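Chains as they are written, first to last, in the working numbering: chain A, 1 to 300; chain B, 1 to 557; chain C, 1 to 314.
The hints are simulated quantities; they were obtained by calculation from the structure and are not laboratory data.
Treat each hint with caution, since some may be false.
Quick list of simulated restraints, FRET-style, between CB atoms [as the list claims (entries may be wrong)]:
no., chain 1, residue 1, chain 2, residue 2, range
1, A, E166, B, A464, 41 to 49 Å
2, C, E232, A, E166, 33 to 41 Å
3, B, I547, C, A193, 52 to 60 Å
List time: in silico SDA-like cross-link candidates among lysine to any residue, alpha-carbon distance up to 25 Å [as the list claims (entries may be wrong)]:
no., chain 1, residue 1, chain 2, residue 2
4, C, K297, A, E286
5, A, K93, A, P158
6, A, K93, C, S233
7, A, K273, A, E286
From chain C, some residues computed to sit far from chain B (all C-beta separations above 12 Å) [said to hold, decoys possible]:
no., residue
8, D11
9, N14
10, G19
11, T28
12, V139
13, N236
14, E309
Just so you know, these numbers come straight off a predicted model, no measurement behind them.
Just so it is clear, CB atoms sit at the ideal spot from N, CA and C, and this is done for glycine as well.
Listed here are the chains, written in short residue letters.
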Amino acid sequence: MKYAFYPGCVARGGTPELLVSANAVLDRLGIEREEIVSASCTGAGVLQERNQKLGDTLNVRTFALAEKMGAPIMTLCSTCQGVMSQANRRVLKDPEYLTEINEVLAEEGLEYKGTTVIKHLLWVLVEEIGIEALQKTFTKELSGLNFAPFYGCYIVRPSDALGFDEHPERQTSLETVIESTGATAVENDGKTKCCGLPILLINQSNAIQMVSNHTGEAKDLGADAMVTPCPLCHLNLDGYQPKAAKRRPSGKIDLPILHLPQMLGLAMGMQPKELGLQRHIISTKEVVAKAIAAPAVAVS
Amino acid sequence: MYQHDVLIIGAGLAGLRASVEAARMGVDAAVISKVHPIRSHSNAAQGGINAPMTDRGDDWEGHALDTIKGSDYLADQDAVELMSREAGDAIIELEHMGVIFSRNEDGQLGTRRFGGQKVARTFYVGAITGSAMLQVLYEQAVKLDVNIYEEWFVSNLIIEDGVCHGVMAMNIHTGELHMIRAKAVIMATGGAGRVFEPSTNALICTGEGLGLAYRAGAPLMDMEMIQYHPTTLAGSGILLSEAARGEGAYLLNSEGDRFMKTYAPDYLELASRDVVSRSEQTEINEGRGIDGNVHLDLRHLGRTFIEERLGYLQEVAVEFVGIDLAEAPIPIRPGMHYIMGGIKTNTDGATEVPGLYAAGETANVSVHGGNRLGANSLLDTVVFGRRSAIAAAEYAKNADRHSSDEAMLKSEQQRYQDLMDRPADLRAAAVRRDMGESMVAGVGVFRDQESIDAATQRMKELRAVYPRVAVDNKGKVFNTDLMSAIELDYMLDVAKAVCAGADARKESRGAHFRTDMPNRDDENWLKHTLVYKDGDGSRVETSDVTITDWTPIERVY
Amino acid sequence: MQQTLRVNRYDPENPGAAGYQEYTVEVTDTTTILDALLTVREEMDGTLSMRCSCRASICGSCAMRVNGQAKLVCKTRVNSVSPDGATITIDPAGNLPVIKDLVVEFKPFWDKMKAIKPYLLPEGTVPKAEYIASDEDMVHLVGVVNCIQCGACVSDCSVLEVDDSFLGPAALAKAYRFVKDPRDGHQKDRLDALNESSGVWDCTRCMQCVEVCPKDVDPMGRIMLMRDMAMESGFNNTSGSRHTESFAKSVKKNGRLNETKLAVDSMGMFNVPAMLDSAPVGIRAMMKGKFPWKAHKSSEPDKVKRVFEKVEGE
Numbered sequence: 001m002k003y004a005f006y007p008g009c010v011a012r013g014g015t016p017e018l019l020v021s022a023n024a025v026l027d028r029l030g031i032e033r034e035e036i037v038s039a040s041c042t043g044a045g046v047l048q049e050r051n052q053k054l055g056d057t058l059n060v061r062t063f064a065l066a067e068k069m070g071a072p073i074m075t076l077c078s079t080c081q082g083v084m085s086q087a088n089r090r091v092l093k094d095p096e097y098l099t100e101i102n103e104v105l106a107e108e109g110l111e112y113k114g115t116t117v118i119k120h121l122l123w124v125l126v127e128e129i130g131i132e133a134l135q136k137t138f139t140k141e142l143s144g145l146n147f148a149p150f151y152g153c154y155i156v157r158p159s160d161a162l163g164f165d166e167h168p169e170r171q172t173s174l175e176t177v178i179e180s181t182g183a184t185a186v187e188n189d190g191k192t193k194c195c196g197l198p199i200l201l202i203n204q205s206n207a208i209q210m211v212s213n214h215t216g217e218a219k220d221l222g223a224d225a226m227v228t229p230c231p232l233c234h235l236n237l238d239g240y241q242p243k244a245a246k247r248r249p250s251g252k253i254d255l256p257i258l259h260l261p262q263m264l265g266l267a268m269g270m271q272p273k274e275l276g277l278q279r280h281i282i283s284t285k286e287v288v289a290k291a292i293a294a295p296a297v298a299v300s
Numbered sequence: 001m002y003q004h005d006v007l008i009i010g011a012g013l014a015g016l017r018a019s020v021e022a023a024r025m026g027v028d029a030a031v032i033s034k035v036h037p038i039r040s041h042s043n044a045a046q047g048g049i050n051a052p053m054t055d056r057g058d059d060w061e062g063h064a065l066d067t068i069k070g071s072d073y074l075a076d077q078d079a080v081e082l083m084s085r086e087a088g089d090a091i092i093e094l095e096h097m098g099v100i101f102s103r104n105e106d107g108q109l110g111t112r113r114f115g116g117q118k119v120a121r122t123f124y125v126g127a128i129t130g131s132a133m134l135q136v137l138y139e140q141a142v143k144l145d146v147n148i149y150e151e152w153f154v155s156n157l158i159i160e161d162g163v164c165h166g167v168m169a170m171n172i173h174t175g176e177l178h179m180i181r182a183k184a185v186i187m188a189t190g191g192a193g194r195v196f197e198p199s200t201n202a203l204i205c206t207g208e209g210l211g212l213a214y215r216a217g218a219p220l221m222d223m224e225m226i227q228y229h230p231t232t233l234a235g236s237g238i239l240l241s242e243a244a245r246g247e248g249a250y251l252l253n254s255e256g257d258r259f260m261k262t263y264a265p266d267y268l269e270l271a272s273r274d275v276v277s278r279s280e281q282t283e284i285n286e287g288r289g290i291d292g293n294v295h296l297d298l299r300h301l302g303r304t305f306i307e308e309r310l311g312y313l314q315e316v317a318v319e320f321v322g323i324d325l326a327e328a329p330i331p332i333r334p335g336m337h338y339i340m341g342g343i344k345t346n347t348d349g350a351t352e353v354p355g356l357y358a359a360g361e362t363a364n365v366s367v368h369g370g371n372r373l374g375a376n377s378l379l380d381t382v383v384f385g386r387r388s389a390i391a392a393a394e395y396a397k398n399a400d401r402h403s404s405d406e407a408m409l410k411s412e413q414q415r416y417q418d419l420m421d422r423p424a425d426l427r428a429a430a431v432r433r434d435m436g437e438s439m440v441a442g443v444g445v446f447r448d449q450e451s452i453d454a455a456t457q458r459m460k461e462l463r464a465v466y467p468r469v470a471v472d473n474k475g476k477v478f479n480t481d482l483m484s485a486i487e488l489d490y491m492l493d494v495a496k497a498v499c500a501g502a503d504a505r506k507e508s509r510g511a512h513f514r515t516d517m518p519n520r521d522d523e524n525w526l527k528h529t530l531v532y533k534d535g536d537g538s539r540v541e542t543s544d545v546t547i548t549d550w551t552p553i554e555r556v557y
Numbered sequence: 001m002q003q004t005l006r007v008n009r010y011d012p013e014n015p016g017a018a019g020y021q022e023y024t025v026e027v028t029d030t031t032t033i034l035d036a037l038l039t040v041r042e043e044m045d046g047t048l049s050m051r052c053s054c055r056a057s058i059c060g061s062c063a064m065r066v067n068g069q070a071k072l073v074c075k076t077r078v079n080s081v082s083p084d085g086a087t088i089t090i091d092p093a094g095n096l097p098v099i100k101d102l103v104v105e106f107k108p109f110w111d112k113m114k115a116i117k118p119y120l121l122p123e124g125t126v127p128k129a130e131y132i133a134s135d136e137d138m139v140h141l142v143g144v145v146n147c148i149q150c151g152a153c154v155s156d157c158s159v160l161e162v163d164d165s166f167l168g169p170a171a172l173a174k175a176y177r178f179v180k181d182p183r184d185g186h187q188k189d190r191l192d193a194l195n196e197s198s199g200v201w202d203c204t205r206c207m208q209c210v211e212v213c214p215k216d217v218d219p220m221g222r223i224m225l226m227r228d229m230a231m232e233s234g235f236n237n238t239s240g241s242r243h244t245e246s247f248a249k250s251v252k253k254n255g256r257l258n259e260t261k262l263a264v265d266s267m268g269m270f271n272v273p274a275m276l277d278s279a280p281v282g283i284r285a286m287m288k289g290k291f292p293w294k295a296h297k298s299s300e301p302d303k304v305k306r307v308f309e310k311v312e313g314e
């Protein structure tokens, strides 16, 4: 299947290693994709707080572009996924509202009919590619590694916008994918909680306390790294971890925060540089070394 | 040692309305409640509050007549007149305080129709009218900085020489027992639904206010008048508001017939509650029920209407029985809901015990008589809550404050200790359930001498085993086990009083329908029953109903 | 069917015995978690303390955590949580101190309610009859009045977990009810107060409150609307409002977000301490090749800009 690819702003901006690693992994998986180049930002919930209709119109524009391409949207970001899912639910529930929005888009010659499916890479892996097919691309058995899942709010809430009724497996999809590599998913309280990024620039102390709580907890539970499908979580959990560490009794945390495709890339035996793993604030050296030292997948 | 001029027990609508009035008068008043005010059971009132608004063409006499007719002429007409006359101001006052009543196209308050009335004079907030009013009265209490003892359990009154001087209460958080002296006490403890099983009432509706007043010497009046609401869920007994029928829902039997046309051709589903409940029970008894229920059908109202105007009903239906009201009819049956009877008061809330006042469901003024109209209970709480505060404050001005009597506190402490020291034997919950089921069986929608006698006998037996009720929890902090045991003590008194009233009233009137005496007997029974505590037992007296302008005639709907 | 409940017990008079205790009760398809807990309390173990009253999701007494998530247990059926009969873990509500077992201290909750002046404050002459207002202006407030103050949102709020000074979702939803009431005369003062720290801008938009609210009150949505109202009322000089404005500007200009510019704008050009404070992170990020100073753009930024103009011009 071909996807209308929507990498999102942060994969191009604050976390370029996400796009690099995602492209490497998607190529390995042989996933055909075409970027929706003229798409805008989703608004990330921030624009919506100023003007919900504005945010919805921008997203519906993206849905219409994908509809034209005849392809489902693939996202790389929990926040993009959630904001788009919510916008899609709102317009599908209220045809009059959709008509209003389509009137704005008509100037550009666009109309959204309501058929676009939006799926994060994480869901694509579990629901479309399938764990078995995914595992066929792995060359390393990451047994012995412990990864703490960290979802990001918008890919778990509000649950009724995210198709959990139809796809209950989405609620544990990250653990499923982690365990498919042979690694252990470290159950942690913070995994569906907020990373703090949305208030980083408003109430930094609270944001950093969240980073400290979540990364500190995962570290204490023996995680080698945290794995997240959300680049916004990554920005905060990685970038602000040195500050957050000061709030731990030990004064340090040193928990690498991997983007989901980076973990997959390691299991596929890719080079750390191909995955941008040198670009992190918290050094990934130890976890990378462990992955490289991991046994090869037994050929059956 | 705590003391106030006026102490209000209970923080539902009647108690909070009283507290607001007392605060406005500048009286040293306090409220004491075993739950936070917002948790009070007034929040469960769904459908609305009645008021004849004279400025828009309704007249108070119309509301008074409907109320009196609904009561089967047992209501005291002077009290009803007062309530009907004060209703309009009460609604406007609530609106000014902040209640978000539904509005009409002109931006004025809108109304819906309720049972036993032809005029749409019920003001409402969706299907959460009680909750919305309770929030606003609590807001006003906060604004006026009313002193509230939150989560304190009153287990006894301070009665000296037949006069009420305050309460003894346990701080539930610490388990400590305290005396709270007050020159006047207002009982606003709500109903006693948990004396019955099942009941629409909350678990806190244990009626100890009735028991406390009864033991203090105040008579309980017309206790046989128990309202069985026509639309409750089987099993849990959870309520589905009359607002459903007010907005046009049908009642259907197993044959799909709107059977109310047989029983109340003019008012149909909106006949008074006692009439509708009896009709349903008759259908069920005669084999036209559906597994012991009949159907409430809202489908023709449409999804949007249901969700906008009756959202809470839809929530209850979906969550508790998995039925979407827009898609399917819901099985319902009559269920114990309200007690018209209560502590006898005059129109100022005064009981026969000096210093003790009562308002709301726990009181009997009497404005509901043999059957309360839907949406009259909220009106009762605010009108008489206010009036009782004024009267209690006035009384307190001239009353003496008694010094503390430590012996009384010691004796109450001993009562707690005895319960705690009892070896494990019977659980309060088991006795309560037995009591509740026996009461529904004996003094239900239909009753006769035999069933009343059986319930009376069972209550005697349960009273006899009460000394064996023990508590598991020996701790002090948040000991709900101990509270349940004390509540049960009072509940057994309330149950006995209901049986005594039912036994005494040798006729059928309102909710008291005896199959062995199916007719109303105005010649002998245009009377209130009064149950007094008498030594270890009780005695029943009667008093005349106050009739002013409305002569009792046959009740037809 | 049998169902095992694993209940978090705590007795301040015997803190050493704290921990989980298991109870197995008989349940049916319609048994709620509250029914099951009542069976425990009434038939098995009277020492278990909890608050509960109406059994019908209107009194707000029984919010607690079920398998880690706040729920009103009276409206939560056992089989909806555990269709396969797996043990269900019951903990007291979070973010409030435990008094005993499943009972938590609500005083901080009520104190925050009181802090937002939770009562109507009309201005001017009081009309003789009711205030005239359109049903449209009033009826949407019923969505907030639906709040039964059960504390589920407070239990699971991300911000309260790290900062107990935050007013929190319940009190802020209550504030919205007055801010939007056409009868209230103090909208501006209220917004001014909510604009302070611990107010509307401290919400992280994590949607925990939206997810766990048993009455669909949508506290976060209300908070977002109040942010917008605060900005419209001219309260623009908070890092929160600058954040939103800068975000919008960036997307309007490039079709995409420029995170670096966002940071500078949010903190305020003249907020030197805050700028210095985040400088090390910025420098570290730049050295790692992050935070490009040059904005990436949509291929058709003009079309995005046009959407802004059209929708915002409405």
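Restraint status (C-alpha distance of K93/A to P158/A at most 25 Å): The given pair, whose Cα atoms are some 15 Å apart, holds under the 25 Å limit.
Exclusion check [D11/C not at the chain B interface, CB over 12 Å]: violated (6 Å)
In terms of Cβ atoms, is chain B entirely out of 12 Å range of N14/C? violated (8 Å)
Determine whether the non-interface label on E309/C survives the test: each CB of chain B must be over 12 Å from its CB. holds (34 Å)
Does K273/A pair with E286/A here, judged by a C-alpha cut-off of 25 Å? holds (14 Å)
Within a Cα-Cα threshold of 25 Å, do K93/A and S233/C meet the stated pairing? violated (32 Å)
Once the closest CB in chain B is found, is it more than 12 Å from V139/C? violated (7 Å)
Given pair status - E286/A, K297/C, alpha carbons within 25 Å: Roughly 36 Å between the alpha carbons, so the hint for K297/C and E286/A is violated.
I547/B versus A193/C beta-carbon gap, inside 52 to 60 Å or not: holds (57 Å)
So G19/C supposedly isn't at the interface. Is its beta-carbon more than 12 Å from every beta-carbon in chain B? G19/C is indeed farther than 12 Å from all Cβ atoms of chain B, at 16 Å.
Confirm or reject: N236/C is not an interface residue toward chain B, with every Cβ-Cβ distance exceeding 12 Å. At roughly 30 Å from the nearest Cβ of chain B, N236/C sits farther out than 12 Å, so the non-interface label holds.
Checking the smallest CB distance to chain B, is T28/C really beyond 12 Å? Non-interface label on T28/C violated, nearest chain B Cβ at 10 Å vs cutoff 12 Å.
Hint compliance for this structure: hints 1, 4, 6, 8, 9, 11, 12 are not met, and every other hint is.
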